[in-house]
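Engineer: Single-letter residue listing:
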Amino acid sequence: MKTLLLIIALLFAPGTAFADWDARKSEAMSELEKATMTDVERAALKKALETYFGGREDCFEGLIEVIAKTDESAQAATFRDRAGVCAVGANQVLSRALDGINDPTIGALGFSTVFSTHEASFYQSLAAVSIGDARDQIITIATRLEDMTEVLDGKWQTLLGEDKSLDERAKKEIEEIRKDYDTVLREAAEAHPDMAEFLVAQVKKIVESELLDIKTGNDKIDAVIDGFKALAVVLITRWEQTNTRMGARANSYRALFASEIRVLVMFEDVRDDVKDFLAENDWPKAETAYANAKSSLDSFASSGKTSGQSSDAAELRNDLMEKLAVHLKSGADIYSKFVSKNRGRFEGALGPDIKEQLIEHREWEQYANYIEGYGLDSKLRAWHQDGTNYFGVDLDDLKPETRDRLKTGLRQIIEQLLKELKVAEEAAKTIEKLVEDEREDVEDELN
Amino acid sequence: MGRVFRSSILCALVFLVAACIPAQLKKLVTPDKTKLQDSVSSGLETTEEASEERDIGPYGYRVTWINWDSGFRGTDLRIGDRITGVDGHPYTREERKELLAHGSAIGNYAESTYWEKHGGREGKRITLQVWRKGKTFDVTGTLRADRFYYTRDDKQALGPGGPPRMERDGFDAAWTSWYDRFVFEASKILDGGFRRHSINNRVALEALLAEKPRIDHLLASYPGPFADTAKQDWQAVHDVLLGTERTITESDLEYRRLGEQRAAEIKTAAGTAREAFLAARKKDIIEMFPAVDPIDGDVEKVKGKIIVLPAMTNRDWISEGGHGYLVAGDGQRGFYFVDSRAPAFVRVLYAEYRYKQQVSPTLGNTYALIGRITGAPSLRYLGDYAVTGLEVEVIGATVGDAMFVDVGSGDEKEARFAGQETLAKVGGVKPPGARATPTQVMEAMFAALKIGDQEMWGSLFAPWYLSDYGGGRFAYYPAWNQAGGPNDWIRARRLILDTVYDVEIVDEGIVQRLTHGTEFKGAPVIDQVLVEVEHIGKFPEGYLPFTGVDVRRVWTLQRVDGGPWRITDQRGI
Chain A
1 MKTLLLIIAL LFAPGTAFAD WDARKSEAMS ELEKATMTDV ERAALKKALE
51 TYFGGREDCF EGLIEVIAKT DESAQAATFR DRAGVCAVGA NQVLSRALDG
101 INDPTIGALG FSTVFSTHEA SFYQSLAAVS IGDARDQIIT IATRLEDMTE
151 VLDGKWQTLL GEDKSLDERA KKEIEEIRKD YDTVLREAAE AHPDMAEFLV
201 AQVKKIVESE LLDIKTGNDK IDAVIDGFKA LAVVLITRWE QTNTRMGARA
251 NSYRALFASE IRVLVMFEDV RDDVKDFLAE NDWPKAETAY ANAKSSLDSF
301 ASSGKTSGQS SDAAELRNDL MEKLAVHLKS GADIYSKFVS KNRGRFEGAL
351 GPDIKEQLIE HREWEQYANY IEGYGLDSKL RAWHQDGTNY FGVDLDDLKP
401 ETRDRLKTGL RQIIEQLLKE LKVAEEAAKT IEKLVEDERE DVEDELN
Chain B
1001 MGRVFRSSIL CALVFLVAAC IPAQLKKLVT PDKTKLQDSV SSGLETTEEA
1051 SEERDIGPYG YRVTWINWDS GFRGTDLRIG DRITGVDGHP YTREERKELL
1101 AHGSAIGNYA ESTYWEKHGG REGKRITLQV WRKGKTFDVT GTLRADRFYY
1151 TRDDKQALGP GGPPRMERDG FDAAWTSWYD RFVFEASKIL DGGFRRHSIN
1201 NRVALEALLA EKPRIDHLLA SYPGPFADTA KQDWQAVHDV LLGTERTITE
1251 SDLEYRRLGE QRAAEIKTAA GTAREAFLAA RKKDIIEMFP AVDPIDGDVE
1301 KVKGKIIVLP AMTNRDWISE GGHGYLVAGD GQRGFYFVDS RAPAFVRVLY
1351 AEYRYKQQVS PTLGNTYALI GRITGAPSLR YLGDYAVTGL EVEVIGATVG
1401 DAMFVDVGSG DEKEARFAGQ ETLAKVGGVK PPGARATPTQ VMEAMFAALK
1451 IGDQEMWGSL FAPWYLSDYG GGRFAYYPAW NQAGGPNDWI RARRLILDTV
1501 YDVEIVDEGI VQRLTHGTEF KGAPVIDQVL VEVEHIGKFP EGYLPFTGVD
1551 VRRVWTLQRV DGGPWRITDQ RGI
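As you go down the protein sequences, you meet chains A and B in turn. Per my numbering, the first sequence runs over residues 1 to 447. Per my numbering, the second sequence runs over residues 1001 to 1573.
Isolated chain A, as found in the complex:
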């Protein structure tokens, strides 16, 4: 209460000079002159009016300052409260003027009542305009847009960082796979001719011996088989090792895709957040608030109880809207920046460049081609064929019993090799499928 009285006292302290919004003052002074009352009453009321209109100017300026404030604190209630304080000030100044008069006339009391009622009505209408709310809404939206622009920049950088990290790890995996392929293919390519050459030479020896009608002993045949086995085991072991690594790499590679999908899920979540954010804070809402404030002030300006009030109200409306327009312009710039940074990224249809940054389609297509380019499938199939036909060595010249024993021995070894080749073939298919199909899943996350 003390604070209120202090504000009133400060606002309506006598002797302050004011210049603007004087239509109502002229009108009131004129009405005072016409009213029936004693000279003493008239003089007292005139002095009170001078004091009041001085304070009113401060009130108006205070209200304009409230609207001009740029900080985030809500000012709508302050605007309403100030208008209320101004009304109380108007009433109390008039009341005090009559307090000093003994037995006031009905004319003086009537003037005081009507004037106080009109002024209270003026401030009541002013307190009801939505400019304070509009100012708060525009500044809140602008502040949030500015904040969100920074938030989204930060999130985008983090998303890209995570994505890049995963991509690099994936590329490394691909590279490792390629190395493994290179090694095993090279070794296989070297081993197969050796095995074929060994077999050809041994078969030739046996055939020559049998042509001399020398009977081939089982121990000789077994020695060939052992020799072949010694060569094959090295290759089989290499394939076993490679297949184990391939399996691990396939798993690792699959996990990277899962991680990649999580990154994209987060990206989509951010886009959803932005949708929610704009549902509350889209700039057209601020523009609507501005238009509503203008409309409510127009109503205020046209609803004055007197022409003087309406005239001053129109002036005050213009002054208030001028301050509000500054906030609108500033907020519009922030909104433009938000849009330019985020449209196609976090807001609106996804831009092709953004999509490419996240899923690197072209790059991954190259990897897929690269893996496919190895022609691993066909090589494995060819080697499989090699194994099935005893590496192309003609065994027909051997005596049947020799051929049968040799074939039986070799088949055991070759089947082990074929088994590993089969595993390798499956692993190769798996990796190719990961590169092609699961990548599509990743891309689907953004569709």
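Keep in mind that the hints were calculated from the coordinates and are not lab data. Quick caveat: nothing in here was measured; it's all calculated off a predicted structure.
Below, in silico cross-link-like pairs of lysine-lysine (BS3-like), each with a Cα-Cα straight-line distance of 30 angstroms or less: (1) Lys46/A / Lys1521/B; (2) Lys1303/B / Lys1283/B; (3) Lys294/A / Lys69/A; (4) Lys429/A / Lys171/A; (5) Lys1303/B / Lys164/A; (6) Lys25/A / Lys1521/B; (7) Lys172/A / Lys419/A; (8) Lys1301/B / Lys433/A.
Following the hints, position chain B against chain A.
Structural biologist: Then chain B, alone, in the frame of chain A:
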């Protein structure tokens, strides 16, 4: 003696009907001990009322006392009634100057002069026109000659057979001065005493009870109609001062437990409930740190698991464009995020709101959350950079170290905080509508006071001020200070939580039109009404009304141009 006493009471009602006087009494009250004067009167004491046009009701004379031997004792006439006419002749404001000058109106000092001119005589039946709270009716009584009474030994007495006027009978004062003072005090009390005077009823009751021995002595020593009526009057005053006992239950006083007491109970309940909540979920609780990496980690392994987050304060909140999140963790150990707009957290916030309504408006802003890891990765901006973490759905929360809420408790609409079910309901206050009666406005005001709704309380006071100069002259100021200021609020709250146990509206007066809107162009129409309330205190005899300087018994409400009723007094309770 008992029979004599009972007979005396009966005969006091029809004192002049000699046939009723029992034989025993006749022996004591002999006609020769009573001297009749020539003058006659109604035996009433009155004061002028409604002298101004705008006053409520017709012009007349309010009964302030009925003499013990008045011919209107035992009739329907009551102290406080307004006599507006005699035998069909109404009193008017036009003749008030003459009436006052001569003092000849009924109950005035020279009433007998009126009867001299109008054929008044002992035993004449007269009819008074009476106005009481807007209703008018007739009361018929008897004129009686003014009397002098004597004792058997011819001493002047207050009634037939005594007591003697100048005797003290061992008391401090003579009977005549004691009785004059008694009548003065009794008249003050019975003539709307609490409305018209500042009276502390408990002090006055104590003083009255101190007079009981004298009343008992009067009855014992001077039995008769005087003693009987004196006892009746004493009892009437006693009943008014004591008031009607009220029944106030613990539930009625539940509003007093709002605040510290309830808060302490709920805090205890919160601790117990939290412990039980955690114990029931022990097998699913995991150490929250180090947090599983939301991108590379085995999120499936922790999905659905429960973590107990540390108490989080304002520093742990982040805002992304106005959307709040609670953040737990750091770059080393990983992060967890709680979305403040997630349905589960909203249930916590609603529980907080109810706590502030039903327990205490003060609640700390720390959140000790228990949450379930959803498995969803989340990306949040911490001010300088964005980090990834795991989203947590709140399943339980201790707020402000004072309230625990099991999010899954309650129903679809709301989760209950621990101990909520033990709280007796304290009714909220709805703002009275535009057509609310003065009584309803007052009830809302006191209800708001009880539950601590200062905004509502303040809104029921009039913002306007009517400066009344009389004679239809006034100035009206629509924008004045709010009557219900902060100091009034503090004082009123202190009283409603201390000595005032309840406030009841006991009477709503008649609407008085203060201004008619025709006094000058633009004048408002202002109505006024008085509402009388009783403040209930706790006394050895029970919950009883009390009055005093701390509390306002009669409240003034006004309305402007038919608008809502608002309180214009500045006292808080």
